[in-house]
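Student: Single-letter residue listing:
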Amino acid sequence: MDTAILIDIVKSGLVLGALYALMATGLSLVWTTLGIFNFAHGAFIALGAYLAWQFSSADAWGLPMVPAILLSCAVMFAIGALLHFLLVKPFERRQDIVLISVITTLAGAVILENGLQLIWGARSKQIPPLAEGAVEFGALSLRNSELILMGLVLAILLCVGLFLRYSRPGRSMRAVAQNQDAAALLGLNVPLYFSMVFGIAALTAGLAGVFVGTIRFMSPSMGSEPLMKALIVVIFGGVARFSSPIYAALIIGQIEAFSVYFVGLYWAPAVLFFTMIVVLLIKPEGLFGKYQRTL
Amino acid sequence: MVDPILSARGVAKHFGGLKAVNDVSFDVLPQQIFGIAGPNGSGKSTLFNVITKVPFGPTHGDVLLNGRPIQGLSAHRIALSGVARTFQRENVFASLSAIDNVLVAVESYLPTAPFAEQIERAEEALNLVGFPANMHNSPAGSVPIFYRKQLMIASALALQPKVLLLDEPASSLTGPEIERMKQIILRVRDNGMTVILIEHVLGLLMEVSDQLMVLDQGTMIASGDPVAVTRDPIVIEAYLGVAHE
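Chains as they are written, first to last, in the working numbering: chain A, 13 to 307; chain B, 881 to 1125.
Same shape as in the complex, but just chain A:
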């Protein structure tokens, strides 16, 4: 294989991996804390993109990009917390919460996607790239927008990780994730922390949506495929620690990039699923997972 092609594939894999890491982080955060999978996560991705478009586009509010993204982050956090309150909280003490939350979060996804279609229409939209131009490193050519995207994803994940590790709410969230009853006995308002986790998950998903919106056309169902990839990442990496899906996303990104080159775009998802199944057969708790959920 030509070195230039190899470098190009690895670069694509890195960009994909960075995006998947951001998408999967929120999904994993909700799982490790609440013990449920949020199937509205894909709709959060789409909603984040549409909000950023609404705030930044010259055809809409026309705010500069940075305030537009910050504003969409704030709105996404509020919507995430609200959806937890409406879709999950009423069922939290039920033993079949995992099954119920599949249905309620799927319902949330359908409502959000149809809401997007109703408000913004089915016509595709796109957010302007984060930057123009490219930089050359020998045989490697990297678009500035890709570099910024990878840098921002790294910074966002670092911020979330530091927040969980060193901040007061982060410490409390980790406590709630590990033992809800013990956390309540130490005075923590467990449902409030669950809402915050949902808010943070929606915020990171929304940011992933913004980045996707800068490189692809947006549609109300644009989150469906990323949701599937994020699920693969979380299951492949193991639903245990905050860092697990990040490592897994980088591996999945590379597998997808190489699969697209060698077997084509349509067979690449099959390769991902096959890899995931093989990993689960050998290591059922996921590649970097542990049987016990911790944050």
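Hint data in this document are derived by calculation from the structure and do not stem from the laboratory. Some clues are possibly wrong.
Claimed, not checked - Residues on chain A that point at chain B, a partial pick, calculated with CB under 8 Å:
1. ASP71
2. ALA72
3. GLY74
4. MET77
5. VAL78
6. GLY182
7. ARG183
8. SER184
9. ARG186
10. GLN190
11. ASN191
12. GLY199
13. ASN201
14. VAL202
Built from N, CA and C at the ideal position, the CB exists for glycine as well.
Fit chain B to the known structure of chain A by using the hints.
Tutor: Positioned in the frame of chain A, the structure of chain B alone reads:
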């Protein structure tokens, strides 16, 4: 006459037809160590559950703290209002350091205090139970059982509770560790707190309790002076069964 600091009035918990706790009433006086004994399944831990509302409240009945009902409060509000509890099993936050475990409680009790003061309070609570200073930064899941029990108590004490509910703190401990646990319980009481103690290690329970209540099948069968209670034929029957000729 001293007013009780914590009272239960006709507290019951039913699971369908099973009466896990059945109309239990008692008063606990300030700075008292109130022991609760009973065979397995007698409803002791369920009583703690309904007092703290973790994970469930009572089917009916009232729990009063300083004369005020607390059953209308949510679980975390009950904890912040002055009723702290430890579990029978060592329920620590395993991936957090020992001091972070206690800080979680300090931060919820004193959310606006400066971080230096919060750290100071956490260290005070750890020191009160004698948790080794060189293990403050160890992951809680990696410390031995006795230290995890100390950590649970320290976390509860960090809430500055009026009443501390200890659920079998001596279970799984060795003889010398049980003696150290006894000293911790007495020290907590000497620091002005009231302790309600569930314990299967009867030696410990008898040595520290000012008053003893015995439950059997969810019902209170005896209450009063510990020595008198243990000589009560009904209590002996509950523990040993009826002798058949």
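Student: Could you run down the list of hints and mark each one as holding or not?
Tutor: So, going through the hints one by one against the coordinates:
Taking 8 Å as the C-beta cut-off, the interface hint given for ASP71 of chain A is violated, the closest approach to chain B being about 44 Å. Because the smallest distance between the Cβ of ALA72 of chain A and any Cβ of chain B comes to about 39 Å, over 8 Å, the interface hint for this residue is violated. Because the closest C-beta pair between GLY74 of chain A and chain B is about 40 Å apart, greater than 8 Å, the hint is violated. For MET77 of chain A, the suggested interface contact is broken, since its CB lies about 35 Å from the closest CB of chain B, more than 8 Å.
Interface hint at VAL78 of chain A: violated, since its Cβ lies 31 Å from the closest Cβ of chain B, which is beyond the 8 Å cut-off. Because the beta carbon of GLY182 of chain A sits about 10 Å from the nearest beta carbon in chain B, more than 8 Å, this interface hint is broken. A distance limit of 8 Å between C-beta atoms decides the matter here; for ARG183 of chain A the minimum to chain B is near 6 Å, and the interface restraint holds. Checking SER184 of chain A against chain B by beta carbon gives a least distance of about 6 Å; that is within 8 Å, so the hint holds.
Nearest Cβ of chain B to the Cβ of ARG186 of chain A: about 6 Å, under the 8 Å cut. The hint holds. Contact between GLN190 of chain A and chain B, as hinted, is supported at the beta carbon level, the nearest pair being about 5 Å apart and thus within 8 Å. Because the beta carbon of ASN191 of chain A sits about 6 Å from the nearest beta carbon in chain B, less than 8 Å, this interface hint is met. The criterion of a C-beta within 8 Å of any C-beta in chain B is met by GLY199 of chain A, whose closest approach is roughly 3 Å, and the hint holds.
The beta carbon of ASN201 of chain A is positioned within 8 Å of a beta carbon in chain B (closest approach about 5 Å), and the interface hint is therefore held. Taking 8 Å as the C-beta cut-off, the interface hint given for VAL202 of chain A holds, the closest approach to chain B being about 7 Å.
Figure legend: structure checked against the earlier numbered hints; hints not met, in rising order: 1, 2, 3, 4, 5 and 6.
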